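**Student:** One-letter residues, chain by chain:
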Amino acid sequence: GENVEQHPSTLSVQEGDSAVIKCTYSDSASNYFPWYKQELGKRPQLIIDIRSNVGEKKDQRIAVTLNKTAKHFSLHITETQPEDSAVYFCAAPESGGSNYKLTFGKGTLLTVNP
Amino acid sequence: EADIYQTPRYLVIGTGKKITLECSQTMGHDKMYWYQQDPGMELHLIHYSYGVNSTEKGDLSSESTVSRIRTEHFPLTLESARPSHTSQYLCASSSLGANNSPLHFGNGTRLTVT
Numbered sequence: 001g002e003n004v005e006q007h008p009s010t011l012s013v014q015e016g017d018s019a020v021i022k023c024t025y026s027d028s029a030s031n032y033f034p035w036y037k038q039e040l041g042k043r044p045q046l047i048i049d050i051r052s053n054v055g056e057k058k059d060q061r062i063a064v065t066l067n068k069t070a071k072h073f074s075l076h077i078t079e080t081q082p083e084d085s086a087v088y089f090c091a092a093p094e095s096g097g098s099n100y101k102l103t104f105g106k107g108t109l110l111t112v113n114p
Numbered sequence: 001e002a003d004i005y006q007t008p009r010y011l012v013i014g015t016g017k018k019i020t021l022e023c024s025q026t027m028g029h030d031k032m033y034w035y036q037q038d039p040g041m042e043l044h045l046i047h048y049s050y051g052v053n054s055t056e057k058g059d060l061s062s063e064s065t066v067s068r069i070r071t072e073h074f075p076l077t078l079e080s081a082r083p084s085h086t087s088q089y090l091c092a093s094s095s096l097g098a099n100n101s102p103l104h105f106g107n108g109t110r111l112t113v114t
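Heads up: the sequence lines are chains Y and D, in that order.
Just so it is clear: in the first sequence, position 67 is 67 by the working numbering, and no numbers are missing.
Just so it is clear: in the second sequence, position 11 is 11 by the working numbering, and no numbers are missing.
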């Protein structure tokens, strides 16, 4: 099955700085990579995703980059704000016969200090 | 509004009791999932379903069982609750499968077994 490693486990930045979270995956056939944000006491919500036919995708202050050769993808948040503070999860799908499961990274607790 | 609903939101129950956690979605999704998550920690897949009358066990061994008699309904049952079952249980659904479309999560049920 898929193995997803996520780093760092915690990240503290000053408001206005950038934050980068990195994930690696093991299955070279994986082709869809979502990122979820989970605020304290709330449900995980999709913030951005990327498919393997593109190398980068951007949505306002959030961007995701994908390197299929190296099997890693990263979340970039620019001009961080206190409301960006949350746990962020990356994920990658099982491939082969089962296309219906996502394997999640262990999460990154991002704290943005005002 | 189309969404995924979980009840109860919080549940405190004694050891040995039988409980059912409810999950319903109004988005017409075929794929549904149950994840177990300790606070701020990684998401572990415990059950998933491709459609009606289809259920599979996930990556994390669980003593719970699920059923999928209707497309919109995916309840999870614990026959005999134990303190080790104390956790948050998140239900999710997707339309095309995990390699093509994002998961939509419910608000979760926070279970405490005393």
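It is worth saying that the hints were derived from the structure and are not from the lab.
In this text, all values refer to a predicted model and were calculated from it rather than measured experimentally.
Treat the hints with caution; some may be incorrect.
Pair ranges (Cβ atoms, derived) [as the list claims (entries may be wrong)]:
| hint | chain 1 | residue 1 | chain 2 | residue 2 | range |
| --- | --- | --- | --- | --- | --- |
| 1 | D | Lys18 | Y | Val54 | 28 to 38 Å |
| 2 | D | Met27 | Y | Asn53 | 41 to 51 Å |
| 3 | D | Lys57 | Y | Glu15 | 41 to 51 Å |
Facing chain D, according to a computed beta carbon distance under 7 Å, are these residues of chain Y, among others [to be verified]:
| hint | residue |
| --- | --- |
| 4 | Ala19 |
| 5 | Val20 |
| 6 | Arg43 |
| 7 | Pro44 |
| 8 | Leu46 |
| 9 | Phe104 |
| 10 | Lys106 |
| 11 | Gly107 |
Residues from chain Y that face chain D, not an exhaustive set, calculated with beta carbons under 10 Å [unchecked claim]:
| hint | residue |
| --- | --- |
| 12 | Gly1 |
| 13 | His7 |
| 14 | Leu11 |
| 15 | Glu15 |
| 16 | Tyr32 |
| 17 | Leu40 |
| 18 | His76 |
| 19 | Leu102 |
| 20 | Val112 |
Just so it is clear, CB atoms sit at the ideal spot from N, CA and C, and this is done for glycine as well.
**Student:** Which hints, by number, does the structure contradict?
**Tutor:** Numbers 1, 2, 4, 5, 13, 14, 15, 18, 20, in rising order.
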